[in-house]
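**Student:** These are the residues of each chain, in order.
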Amino acid sequence: MSDESPPTFELEQLASRQLTRRSLFAAAGAGGLAAALGTTTARAAARPARLARVAAGTVSFGSNASDPVPKKAFQQVFAAFTKKTGTKVSVNTVDHNTFQEQINTYLQGRPQDVFTWFAGYRMQFFAQKGLLSPIDDVWATLKPNFSPAMQAASKGLDGHFYFVPIYNYPWAVFYRKSLFKANGYTVPKTWDQFLALAKQMQADGLTPIAFTDKDGWPAMGTFDILNMRINGYQFHVRLMAGKESWNSPQVKSVFNHWRQLLPYYSQGALGLTWEEGAQQMITKKAGMFLLGSFVGQQATNPADHADLDFFPYPEINPKWGQDSIDAPIDGFLMARKAKNTAGAKQLLTFLGSATAENIYLKSDSNDVAANKLASTAHYNALQKKSAQLIASVKHIAQYMDRDTRPDFASTVMIPALQQFLNTPTDVNGLVSSIQKQKKSIFGF
Amino acid sequence: MAIDLATGVRKGGARRGARAVRLSTRDKLAITLMAGIPTLVVGGFIWFPTIASVLLSFTNWDGIGSVTSSHWIGTTNYRQIATIYPPFWPAVEHNAIWLGFLTFVATPFGLFLAYQLDKDIRGTRVYQSVFFLPVVLSFALIAFIWQLIYSPTEGLVSNVFADPAHGHVIDLLGNPHQNLWAVLVAVGWRHAGYIMVLYLAGLKALDPSLREAAAIDGAGEWHAFRTVVFPALRPINIVIVVVTVIEALRAFDIVYIINHGTNGLELLSVLVTANIIGEASRVGYGSSIAVVLIVISIIPIVVFVVNSFKERES
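Quick mapping for you: the protein sequence lines, in order, are chains L and F. Its first residue numbered 1, the first sequence is counted upward by one per residue in my numbering. Its first residue numbered 445, the second sequence is counted upward by one per residue in my numbering.
Only chain L is shown next, with the shape it has when bound in the complex:
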């Protein structure tokens, strides 16, 4: 019996895949039907470009918000938009990671008019390649809604606006208030205090710092913050842009500091996902966890969520103090190939409004509004603190995989950081290997 069910499962999947594909082709022919189909066949979205053109009065929207909560939030935003303007939105939702991995082909194929993406080099790169539409006219109305930092993050390298931000979230060291209180721990301000606290936690039988890197990207957060603390934001940005040498004393210093933390990390870190790390911290097996505030998603029990707190990464070099953090911004772009440009700009203007922001953030208890006019009345304590932290720092970075070339981040840095975690002693060999690969990718 049990050897019967798996093949049926596969067959069913196959059948449904063929069906959707067929219906998509049919839709492409039938034209008008496509909008209706587009929403129902979200699973087939691996090939979003196939979705046919949309009727007049409709804007198409490519979404990577595949989780139920943000997906629903977007639906509410679009309902408000349609009510206000009469323009319909046809949404095509794609699994988050798939959307990211297919972005190249997506933008060169038949992208939706407006789509979800990130700020940073990852956006500027596509703007430079001519795959995005500049939206300076949209920003003529939006400017009063956003801080200068948000405005700067929305521009391409050519100085034109491309991006409309919706929310961001800080990377900080998360912990449970009750655990700190019970054990008499205090929030560390400096590197030495941080190490001393870790040592104390270890003596108390805790895993001092939850750390997980099976998926490769979480370790980048530690590199970013150490680099900004030790060498400053400007050096970090130049390093990410390929303008500084990886084979430098500054970068070596980052790895040498990092090595001091390794004894305090979770056992088997390279075999764990960030969700498992979050559970270690939430269940009080681990004392601290450096992650984005989305870590709160894992605290499903409201009492646990209320007990979460964070502190900004401790100071290492007094010259920089705690003046920078990673706080990646998510938002929207308009494709160069957009069909309904007027509708797309209308939608982007709406998405940049406080009204849209308020609707969206109502169901989100971990992120912070990008729009400075948005209401913060419903914020929980964590969100309030996140907003304060973001407002208080001088510099905001976007996270390594958004601040540097995607090919460099994924094919060089992920293996390199994992190699460091496995053999932390060979820093010289590691940085010279990164430098050689950086040269081959950046070409300088």
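It is worth saying that the hints were derived from the structure and are not from the lab. Note that the Cβ used here is the ideal one computed from N, Cα and C, for glycine as well. Please note that the accuracy of each hint is not assured.
Across the chosen pairs, the derived CB separations fall in these ranges [to be verified]:
id	chain 1	residue 1	chain 2	residue 2	range
1	F	Ile721	L	Asp136	27 to 35 Å
2	F	Val629	L	Pro263	29 to 37 Å
3	L	Phe442	F	Arg670	58 to 66 Å
4	F	Ala609	L	Asn380	27 to 35 Å
5	L	Ala152	F	Ala609	41 to 49 Å
6	F	His515	L	Asn428	28 to 36 Å
7	F	Ser752	L	Asn428	35 to 43 Å
8	F	Phe605	L	Phe442	45 to 53 Å
9	L	Asp426	F	Lys563	52 to 60 Å
10	F	Thr568	L	Gln260	26 to 34 Å
11	L	Gly429	F	Phe605	29 to 37 Å
Since the structure of chain L is already known, use the hints to place chain F on it.
**Tutor:** Just chain F, lined up with the frame of chain L:
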């Protein structure tokens, strides 16, 4: 199977040589269609992409805009993957280990299972089902199942043999010296079942008198297997060798699901996709790795073709 094919071809060849045939227009049309369509399919879906990959591997195309925007950079990509790309040599090594493991461990184990289950032991059908079960699962699913077993904190192995609650874990997913072997166990779990089914079919078709004759001549079990049964299974063996080599070279899904083929689980196939398909889009660079994989794949193909030609001649 291969021999059947081979003799079939030979018969056809003999007939063609025997009499000169006049073909009617309909025959010609039929032949053109029958030969033309497969040629187009093979040309369009196999040879065109292959040759395109080879050409692209000498360029620095980034997948954006037309190919003409890229530059011809000679063998730079090849030089770089061999010298400054740390995952490359481990990937080659892991593919080789993969092939070695399947050939010398998983395949013989499948054969062993088939041989034992071919005897009419009690409950043989139940055992067959149990061992065959993994074969109907996709590698993606197998990866999910075995991650539940291997996870350092939540996993079965770690919880039974270590103490994750107190920071002692067995890290079969993240330890780069162990995770490949852990994955190979999962792969072998499926592969052995596959091989078992193929051999069982062969053993069922084997003339029982062969074994009886060997027994009467006083051959022990192992001796009879080695000198009588195994050689008689030659046609199946060829299929098995081909299947094993293909499985080793196309290995991808399971490591991709576990950690995207990094940190001890590098494979050539993963490096190709990591460079070409993801956001990275280093099409030229990835193509050069693909060409290396093509060259490696050609070796067993050539051996196989040469062998089957030899057979036809003898």
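**Student:** Against the earlier hints, flag every one the structure doesn't satisfy and list their numbers going up.
**Tutor:** 7, 10
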